[in-house]
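Starting from the known structure of chain Y, fit chains G, C and F onto it as the hints suggest.
These are the residues of each chain, in order.
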Amino acid sequence: MIKIGFYPGCSLTGSSREYAESVIALCEAFNIELKQIPDWNCCGATAAHNLDKELSLALPARILALAEQNGMTEIVVPCAACYNRLSVTEHTLNADEQLRARISEIIEMPYEGTVKILNVIQMLQKYVVNELANKIVAPFDHKVACYYGCLLVRPHEILQFDRVEDPQTIDEMLKLVGAQPVDWAFKTECCGAGFSVSQPDIVGKLSGKIVKDAVDRGAEAMVVACPMCHANLDMRRPAINSYLKTTIDIPVLYVTQVLGLALGISREKLGLQRHFVPVKF
Amino acid sequence: MDNVKKRAAELLKSEAVKVVIGYTMGTNGKPRAAFIQNAEDVDSLIFNAQCVQNLAVYLSKAEIKQLGKPAIVAPLNVLRAIIQLASEMQIQENELIVLGVSPDGELIDFQNFSAIEKYLEDFNMEVDAKEKETLEKISSMSLEERWKFWNEELAECFKCYACRAACPMCYCHKCAVEQNKPQWIPVAAHRLGNLEWHIMRAMHLAGRCVNCDACHEACPKGINLNFLTKLMLNDAQEEFGYTGVTLKEGNLLSTFKTNDQENFIQ
Amino acid sequence: MSRIGVFVCHCGENISATVDVEKVAQAAAGFDDVVHSVDYKYMCSDPGQTLIKQAIKEHNLTGVVVAACSPRMHEPTFRKACAEAGLNGYMCEMTNLREHCSWVHDRTEETTEKAIDLVRMLVEKVKNNKPLEPILVPITKTALVIGGGIAGIQTSLDIANCGHKVILVEKEPSIGGHMSQLSETFPTLDCSQCILTPRMVEVAQHPNIELITYAELDSLEGYIGNFKAKIRKKAKSVDHSVCTGCGDCWGKCPSKKIPSEFNAGLGSRTAIYVPFPQAVPNKPVIDKSNCNYYQKGKCKICEKFCKPGAIRFDQEDEIVEAEVGAVVVTTGFDVVKPEFFPEYGYGKYKDVITGLQFERLASASGPTLGEIRRPSDEKVPEKVVFIACAGSRDPAKGINYCSKICCMYTAKHAMLYQHKVHTGKSFVFYMDIRAAGKNYDEFVRRAIEEDKVNYIRGRVSTVYEKDGKLIVKGADTLMNGEPIEIEADMVVLASAGISNPGSEELAQKLHVSYDRYKFFAEAHPKLKPVETNTAGIFLAGACQAPKDIPETVGMASGAASKVAALFSQPELKREPLIAVVNRQMPPVFSSCVGCFLCETACPYNAIGREEIKDRNGNVIKTLARVNEGLCQGCGTCVAFCRTKSIDIQGFSNEQMYSEVMALLND
Amino acid sequence: MNEFEPKIVAFVCNWCTYAGADLTGTSRIKYATNVKIVRFPCTGRIDFMLLLKAFSEGADGIIISGCHPNDCHYTSGNFHARRRWVMFRSLLDFMGIDVRRIQFSWVSAAEGAKWAEIVNSTVETVRELGPYSDYQKVADFLKTEVENG
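Protein chains in written order, with this note's numbering: chain Y, 1 to 281; chain G, 1 to 266; chain C, 1 to 666; chain F, 1 to 149.
Chain Y with its partners taken away, still in its complex shape:
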């Protein structure tokens, strides 16, 4: 039994519950125990770092400090925005001892910077990939457009994850379960996440271009690893369709859901029924 700390973050307990469900279901299948960080709080994305530098560091620092307190050396953070904020905080505070002391003072907890932060892909690469082949019962034999979004790979100096301009990790992983990633152009284009509430029409335009290109290139499904991206590509589909003046019904799946399907995990356990655009696989 592998034990990893788990920071779900707000989205995974609400609008993207199915992401959490599929992560947990997948981990169960591979005998990985996810231990939630007790008393966790919001990471501050996306507002805090535009408002108050100390606050934007203190919120993630408290989460990391709690993980340390609970003896965790490694945590998985599925939400790309949370992953980004936690990683930036770790990087910033590890490089500046004075600031780290100041933040520890604010959160009234020591923070040492010892916890390793993994996104879902990194967790899968580390613990799952090698055993994947043996467990496939239903290869996901479809063309997929892997969409990485902004937050998973940028800023590269800090995250050091994948090729920043042309990421490949999700594509490579999905090939292992029988999917055929298409070569497309919008892997890291912005979906308009920040405008999702304030200006949904902009989301329609930005996300619309993404969805259209995926369909134009023959993809049957889009695969994401970020609740924000998912919400925009899935929930905002009416806005997208009205921008595109057509009806596109390509489903948007989390990477964990695709892997789950290939492993024969039930659709309910993976939360596929929760999507706005029906998933017909």
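Note that these hints are calculated values from the structure, not bench results. All residues carry an ideal CB built from backbone N, CA and C; glycine is no exception. Treat the hints with care, since some could be wrong.
Straight line, CA to CA, 16 Å or less: simulated EDC-like cross-link-like pairs of lysine to aspartate or glutamate [as the list claims (entries may be wrong)]:
(1) C:K466 with Y:D216
(2) C:K397 with Y:E165
(3) Y:K209 with C:E465
The following residues of chain G were derived to be distant from chain C, with all beta-carbon distances above 12 Å [to be verified]:
(4) T24
(5) Q37
(6) A49
(7) T134
(8) L135
(9) F149
(10) R201
(11) R208
(12) N224
(13) E249
(14) N263
The following block gives chains G, C and F in isolation, referenced to the frame of chain Y:
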């Protein structure tokens, strides 16, 4: 030890070597160095925990060199000194036969110096925990206390240079302390001369000292001068990742890394 | 017993305004062994120097201290003056009363006191100075030039025309380098090959130049004037002394699909090949890695068709040795590789090409015979986007520098395109236009104004293919960052110029330094741009940093003149401020014990070994020995030597010790 | 009573710091008179024994300065020096010699202002520490002993 004696006798008999440098029992009940030139005499060789003198020191002494090719009984300290001397071009593989001995006196055969180097990798040349404690104790004193401590410690020194004579790495024909153009270090055994001598000795052994404590053993006044070289060894390990003696050319201070620490440089 | 003269300079009022120079001279007169001490308005003037010369003769001085300005300025002046009066120049020292005293302090008693201290310290030092003579080193008057591009060609011709021998080594089968690949050259648009090939031929025919192609430097030992080079001649598998260059072999070679290096991968060549029709020498080599015979053991068609019988399948690499007095490195540059631009799709989309590939498309000798046709379907592109700074000035990509030539060649490319495709539209995305140079900015203006090239100030974020078009997404920063999308038929990347792949290894062979980008480092960024830190090794062209043809040629001639200057002397005269290992009477010979730790400490590999032998030839002792040609006099070995056996002339242990002991002696 | 004026000796390399100090002069930037410069070809040449000699001769403080890393005129003399300084400084500190009195710095030929700052700040530091009488007493011990035969 019997194997060592047997090998020594063979080597002498076959004239593969002219002299075997080893330990024997001295008249005062303490081991001393022995220079055995006849196979019949090998039985006087001993080895026990008290054999701490670093015999490698004799490899560069002219009086021993003139006896002819030597074999040397070599516990850990001697092996380290041999490798360091080899890296400084002071001995060559074909000029010497090494009779390695394990801590319990068993013969270890070494085909060549590289084999010794390999063997030594298993023994960290570290300042041991107790000594580290002493180093830390001194370091944690105030500046004034440290100054007083060492002034008092070195006040005992009367510059007999026994430390130098016992050190296998002090093989120079003309020590810097004897250079008189200019006279870097005052000859007399007074406070300044003693201070400068011991600073210089420690600096000259930085990255070369094999941590055998022969200098301390030899000091008639029991001065803890080995702690200066131990500090250097400790620093070398901490600052530069120095791992101990190797056959590689160049040493700690004749090489560098471009990212060596420099937090004290403005 | 020393007889020292002290000469205190007023430097007009520069020194005397804050330092009581008379008092300094008087105080100095009272120092031990000072027999003469005066002050004077301008010591460096003719009368000032005469004052010193006369004093040397009158007072029989054995040492001189000039208390004036920085020795970095006038030390040579006063050393020369002393020498003219018969006193060895190295018996003269300067102390810096101006930059280090009068200019940085107010007129107080302390300032004058400090000046007196400074004089005393140099008086003590000079007492320990020793007369020195310049070191004479013989010179082998042959230069080795590494790299046969335009830099190497120009350097070789210039040196050879001075009457000296040159060995020019080129790793490819032909000389010519990148310049031979270019179509036309800015800012005049004259044909690159037309101006280059005559020089290539001149190199081949010059009686003073030995051209060795398909060869690389194996090792270099020695020092200025006296290098020994080993050159590896790669097996050509063709005997060039027999080959007539008729071309029958490459016409018949069945391996025809090998990407041509000369055409930057846009055309193909055979396994036995000359890189291009004007190659020098115009005789083929066999590329073993692509040859059927070498790879599969069967073929030998070329051998069958070779009438003179020049094919030699059993030829092996050969090492030749050469003695040379100077080396000029002219190895040029490279451009970044496809994996550098995943966002621009280079390597993924056939019609995204580099500037060098565009040169081949535009060249009359290229794969399209000079017509601009895109690689994927050979159609004439109607819309072409040029992306400047593709990789350059991009810290995120690890290249912070400007590649310097791209602004100009991009303007040229766009212009050539417009000249050849009149209906075409061209766009240039740029960060800044850097067109400093004679007629350069005018050239860029011409592209914009006459040839109607659309210049867009902004960067391109991504290029992707859609419906047979390349979609170029960028922003126009002069239009408030307005996003722009252009549907192009072809995209040309002004890829960053980078150092050649083997440059680090070569630098290590030559013992010269290189920068973080692995370009060779000049000895001084302004005053020694063609020298390296190793005496006798020079640089020219883009191996030092990206540069254009005129600059390269200028630098090449500069390096050649340095070599010619070196070779113009019968022997090399060097400052004797170098390290020496002491020698003593036998049986000691030297206090050096031969630990050779100095050998690893020396930045110049200047420390060698000297064996002292008895009459029967047995080695008694091995000592360190400083190579006078290599030692640059840093003195690192001196501070390092435990036995004080190695010392540096001019800054010797005795000198520095005396100086320190005198400084505070009050 | 006069304020204590520390005696400072500067050991500098010819190519960077000496030239930098020249620039301080040509820029007419003022600094304390307490410092006297000894010129070496390179920091790699500076023998640690000379630093001890400076203290024993009465220096209250020492500045050692050369080219910034990677800028050494001789490519690596300063790197060698830096390693030696790390060891030497630690040894002195361990023996109770006041390393606050030794200022290590990199001053390039272009850093005239920095040189003035280094000198002034070192003078201030050493002025606060007072005369290095501890070391000088040890050194004087020699003189008294010799004088007393």
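Hints, verified against the model:
1. Restraint check for K466 (chain C) and D216 (chain Y): the C-alpha separation of about 9 Å stays at or below 16 Å, so the hint holds.
2. Simply put, K397 (chain C) and E165 (chain Y) have alpha-carbon atoms about 11 Å apart, close enough for the 16 Å limit, and the pair holds.
3. Between the alpha carbons of K209 (chain Y) and E465 (chain C) the distance comes to roughly 14 Å, so the proposed pair stays at or under 16 Å and holds.
4. For T24 (chain G), the shortest C-beta to C-beta distance to chain C comes to about 30 Å, beyond the 12 Å cut-off, and the non-interface label holds.
5. No Cβ of chain C comes within 12 Å of the Cβ of Q37 (chain G); the nearest lies about 23 Å off, and the non-interface call holds.
6. Residue-level check passed: A49 (chain G) sits 32 Å from the nearest beta carbon of chain C, beyond 12 Å.
7. The Cβ of T134 (chain G) lies farther than 12 Å from every Cβ of chain C, with a closest approach of about 27 Å, so its non-interface assignment holds.
8. Against the 12 Å criterion, L135 (chain G) stays outside the reach of chain C, whose nearest CB is about 24 Å from its own CB.
9. Look at F149 (chain G): its CB is around 27 Å from the nearest CB on chain C, clear of 12 Å, so calling it non-interface holds up.
10. Not every CB of chain C lies more than 12 Å from the CB of R201 (chain G), the least distance being 10 Å, so the non-interface label is violated.
11. Residue placement check: R208 (chain G) does not keep its beta carbon more than 12 Å from all beta carbons of chain C (closest about 9 Å).
12. Its beta-carbon lying about 23 Å from the closest one in chain C, N224 (chain G) satisfies the requirement of being farther than 12 Å from that chain.
13. Against the 12 Å criterion, E249 (chain G) falls within the reach of chain C, whose nearest CB is about 6 Å from its own CB.
14. Chain C leaves N263 (chain G) outside its interface by the beta-carbon criterion, the shortest separation being 22 Å against a cut-off of 12 Å.
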